[in-house]
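Using the sequences and the hints, build the whole thing.
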Amino acid sequence: MRGLMLRSFSAGYSTQPVIADLNVPLLPRGKITILLGPNGCGKSTLLRSLAGLNNADGEALLDGEDLMSLSFAERAQKVVFLPQSLPQGVHLHVLESIIVVLRASGGRDNAQGRAQILAILEQLGITHLALQYL
Numbered sequence: 001m002r003g004l005m006l007r008s009f010s011a012g013y014s015t016q017p018v019i020a021d022l023n024v025p026l027l028p029r030g031k032i033t034i035l036l037g038p039n040g041c042g043k044s045t046l047l048r049s050l051a052g053l054n055n056a057d058g059e060a061l062l063d064g065e066d067l068m069s070l071s072f073a074e075r076a077q078k079v080v081f082l083p084q085s086l087p088q089g090v091h092l093h094v095l096e097s098i099i100v101v102l103r104a105s106g107g108r109d110n111a112q113g114r115a116q117i118l119a120i121l122e123q124l125g126i127t128h129l130a131l132q133y134l
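The sequence shown begins at 1 in full-length UniProt numbering and counts up one residue at a time.
The reader is advised that the hints may include incorrect statements.
[Claimed, not checked] Simulated restraints, written as ranges between beta carbons of each label pair:
#	residue 1	residue 2	range
1	Q84	R2	22 to 32 Å
2	F72	A119	24 to 34 Å
3	G40	M68	20 to 30 Å
4	A104	S69	37 to 47 Å
5	A111	N55	36 to 46 Å
6	S71	S10	16 to 26 Å
The set of hints was computed from the structure by calculation and includes no laboratory data. Just so it is clear, CB atoms sit at the ideal spot from N, CA and C, and this is done for glycine as well.
Take a look at the structure:
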């Protein structure tokens, strides 16, 4: 089973549940899936919860592995939430944003980590954007 599946998945905030008992059949890896709905229906809450940034219950199976049973660092190796825009007052360079992800996923900001980041930028052909603001 390769892909994402949700079973009895509920998520939200401490005082406000947003998603209750959501079941999603297997979304196959490599296929485009659209998450569509009106403002406030829980799209971002779902994505944040999958990344471990919101409270959630139930099963979130990625390639058969339950994300809910993983530590934050282990989950960050598999799922990352990148918001549409950064909070007001936050100004990050492209390079800094990648360093944040590296640290969140348990990586170290050392010479090897920086070399890995530069290799990714080169592979994507965006080295020239490294010092540009998001």
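Outcome of the hint check:
no.: 1; hint: Q84 - R2: 22 to 32 Å; in the structure: 27 Å, holds
no.: 2; hint: F72 - A119: 24 to 34 Å; in the structure: 25 Å, holds
no.: 3; hint: G40 - M68: 20 to 30 Å; in the structure: 24 Å, holds
no.: 4; hint: A104 - S69: 37 to 47 Å; in the structure: 19 Å, violated
no.: 5; hint: A111 - N55: 36 to 46 Å; in the structure: 37 Å, holds
no.: 6; hint: S71 - S10: 16 to 26 Å; in the structure: 21 Å, holds
Consistency with the previously given hints fails for number 4 only.
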